[in-house]
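> Spelled out from the first residue to the last, the chains are:
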Amino acid sequence: MYGPVAGTCMNIGAAIAIGITAGFISSLFFKKVYTLVNSNGVRDSFGILLVFLISFLATFVISPIVIKAYYNYSVNLKTLEVSSADSLGSPISIDAAGWVLIYVAISMGIGLATGAVTGITLYILDKLSGHEYDDAQIFSRDRCLNEVGEVPESLNNKPHS
Amino acid sequence: MIGFGILLIYFKNSTSTALFTSIFTVSFTILLSPIFQKFWFNVFLTNFQGGSPVSLNPDRFYIYSLEGQKIPIDFYGLKIALANAIAQLVMALGLFGRLSPPQVIVSSFLFNIAWNLNHFLCVHLQQINPDNRVFDDYQISSVYLFAATFGIIISLMIKKPHLTTRFASTDLSSILSQVGSFFLFLSFCATTTFYSLKFTSTLGEYSRSYVWQEAFLGTFFALSASVISTYIFSIILG
Chain H
1 MYGPVAGTCM NIGAAIAIGI TAGFISSLFF KKVYTLVNSN GVRDSFGILL VFLISFLATF
61 VISPIVIKAY YNYSVNLKTL EVSSADSLGS PISIDAAGWV LIYVAISMGI GLATGAVTGI
121 TLYILDKLSG HEYDDAQIFS RDRCLNEVGE VPESLNNKPH S
Chain L
1 MIGFGILLIY FKNSTSTALF TSIFTVSFTI LLSPIFQKFW FNVFLTNFQG GSPVSLNPDR
61 FYIYSLEGQK IPIDFYGLKI ALANAIAQLV MALGLFGRLS PPQVIVSSFL FNIAWNLNHF
121 LCVHLQQINP DNRVFDDYQI SSVYLFAATF GIIISLMIKK PHLTTRFAST DLSSILSQVG
181 SFFLFLSFCA TTTFYSLKFT STLGEYSRSY VWQEAFLGTF FALSASVIST YIFSIILG
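Residue numbers (this note's numbering), protein chains in the order written: chain H, 1 to 161; chain L, 1 to 238.
It should be emphasised that the hints constitute simulated quantities derived from the structure, not laboratory data.
Where is the CB? At the ideal position from N, CA and C, for every residue including glycine.
Heads up, a few of these hints could be off.
As the list claims (entries may be wrong) - Across the chosen pairs, the derived CB separations fall in these ranges: (1) L/Leu45 - H/Ala116: 20 to 30 Å; (2) H/Val33 - L/Val227: 11 to 21 Å; (3) H/Ile124 - L/Ser27: 18 to 28 Å; (4) L/Ile232 - H/Ser39: 25 to 35 Å; (5) H/Leu101 - L/Leu172: 39 to 49 Å; (6) L/Ser224 - H/Ser39: 29 to 39 Å; (7) H/Val117 - L/Leu172: 32 to 42 Å; (8) H/Val117 - L/Asn47: 21 to 31 Å; (9) H/Gly130 - L/Asn47: 42 to 52 Å; (10) H/Ile12 - L/Leu45: 31 to 41 Å; (11) H/Ile102 - L/Asp171: 40 to 50 Å.
Unchecked claim - Derived pair list, reagent style BS3-like, types lysine-lysine, alpha-carbon separation capped at 30 Å: (12) L/Lys159 - H/Lys31; (13) H/Lys32 - L/Lys160; (14) L/Lys159 - H/Lys32; (15) L/Lys160 - H/Lys31; (16) L/Lys160 - H/Lys127.
My request is simple: use the sequences and hints to build the entire structure.
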């Protein structure tokens with residue numbers, strides 16, 4: 001969540017506040033939402049919905065707010081200059097907040113469209129393969145052990161909750 | 001990259017799959033990405049009228065040729081390729097254990113096309129932006145948000161295996177995934193220094209490294225606070 005404004009918002013208190021909020025959202029997600037989403041088949045292996053939620057909040061909420069705040073106080077941020085070609089020391093334009101939202105909308109739009117195309121392609125590959133993919137079919141050590149007639153060790157391990 | 005690879009070991013029996021996914025994604029993207037970078041650069045920034053993404057960049061160290069087109073490989077191009085690879089590994093967080101190796105290859109290829117399209121379209125917009133700046137300092141929207149959106153849509157379409165013991169973990173895999181999380185923790189701080197993908201108003205001068213120690217420290221404090229608050233709220237929420 002702190003990523004979009006890490007170079008802009010140079011305030012350790014704000015960084016810690018954003019970190020605490022992200023931690024709360026993360027724990028809430030993995031305790032409540034993650035188990036609900038995966039209750040009927042694995043839909044989200046490691047919590048990509050959380051990545052989406054946090055990056056969405058960061059780029060849609062935090063980044064424009066920080067830019068607006070710096071604009072209101074007419075702060076000149078020397079550290080924002082990335083090149084001598086930029087206008088040195090000029091205050092942030094309020095238009096920058098709107099441009100941030102444009103970048104976010106474009107990223108999401110292209111992600112949705114191309115993700116749908118890729119999803120259809122992978123769905124067709126799923127249909128062609130005809131069976132559910134299991135890591136153990138290709139990579140697992142247990143498969144090698146089974147071939148020489150030994151009992152897979154992992155069968156004796158209890159799953160870790 | 002190491003951190004993502006070790007983090008994916010969390011599932012039982014998934015060690016080889018995790019290593020395959022992370023190593024293949026990074027190596028495949030580094031090889032493939034410069035071709036798409038060149039193409040989308042021509043589409044959005046030069047309108048196929050010549051010009052190189054790195055014409056004045058002294059970091060260029062290798063050029064390879066494809067169909068008569070010179071494709072330069074430079075440090076900045078590799079930074080774009082690695083940001084692309086990070087985005088793919090973020091996407092893998094949602095799909096891990098559900099994609100077979102052929103599907104990983106196909107999705108990686110299509111993701112390369114899509115991610116570079118998105119990246120250079122945003123660069124084009126930055127060129128026409130009056131400020132010539134993007135206030136998305138560490139590419140959160142183009143790396144994390146894009147990858148998450150891409151992954152969620154795919155996740156809705158492919159098969160949803162039932163929750164079996166292969167999606168559980170062992171003590172060893174849990175410890176290894178903690179080590180992976182530690183590497184990721186370090187890398188998030190490091191990327192604030194090395195992975196800014198800034199573009200300037202002139203095409204020749206493409207990137208500048210960060211010299212913002214404050215950003216490094218701010219990221220460190222934000223991550224530390226999030227780790228501590230996650231522990232506390234996890235206990236509170238049961």
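> Decide, hint by hint, whether the structure agrees.
Now for the hints, and whether the structure bears them out:
A C-beta distance of roughly 27 Å is found between leucine 45 of chain L and alanine 116 of chain H, which places it inside the suggested range of 20 to 30 Å. With their beta carbons about 20 Å apart, valine 33 of chain H and valine 227 of chain L fall inside the hinted range of 11 to 21 Å. Range check, isoleucine 124 of chain H to serine 27 of chain L: about 26 Å between beta-carbon atoms, so the 18 to 28 Å window is met. Evaluation of the 25 to 35 Å hint for isoleucine 232 of chain L and serine 39 of chain H yields a pass: the beta carbon distance comes to about 26 Å.
For the pair leucine 101 of chain H and leucine 172 of chain L, the beta carbons lie near 45 Å from each other, so the given range of 39 to 49 Å is met. Distance hint check: the CB atoms of serine 224 of chain L and serine 39 of chain H are about 33 Å apart, consistent with the given range 29 to 39 Å. Evaluation of the 32 to 42 Å hint for valine 117 of chain H and leucine 172 of chain L yields a pass: the beta carbon distance comes to about 39 Å. In this structure the hint that valine 117 of chain H and asparagine 47 of chain L lie 21 to 31 Å apart at CB holds, the actual value being about 25 Å.
The beta-carbon spacing between glycine 130 of chain H and asparagine 47 of chain L, approximately 46 Å, falls within the hinted interval of 42 to 52 Å. In this structure the supplied range 31 to 41 Å holds for isoleucine 12 of chain H paired with leucine 45 of chain L, their Cβ-Cβ distance being about 38 Å. Distance hint check: the CB atoms of isoleucine 102 of chain H and aspartate 171 of chain L are about 47 Å apart, consistent with the given range 40 to 50 Å. Distance hint between lysine 159 of chain L and lysine 31 of chain H is fulfilled; the C-alpha atoms sit about 24 Å from each other, no more than 30 Å.
Restraint check for lysine 32 of chain H and lysine 160 of chain L: satisfied, since their Cα atoms lie roughly 20 Å apart, inside the 30 Å limit. This hinted pair checks out: lysine 159 of chain L and lysine 32 of chain H have alpha carbons roughly 23 Å apart, not beyond 30 Å. At most 30 Å may separate the alpha-carbon atoms for a hinted pair to count; lysine 160 of chain L and lysine 31 of chain H meet this at roughly 21 Å. At most 30 Å may separate the alpha-carbon atoms for a hinted pair to count; lysine 160 of chain L and lysine 127 of chain H meet this at roughly 13 Å.
In terms of the numbered hints stated before, the structure departs from none.
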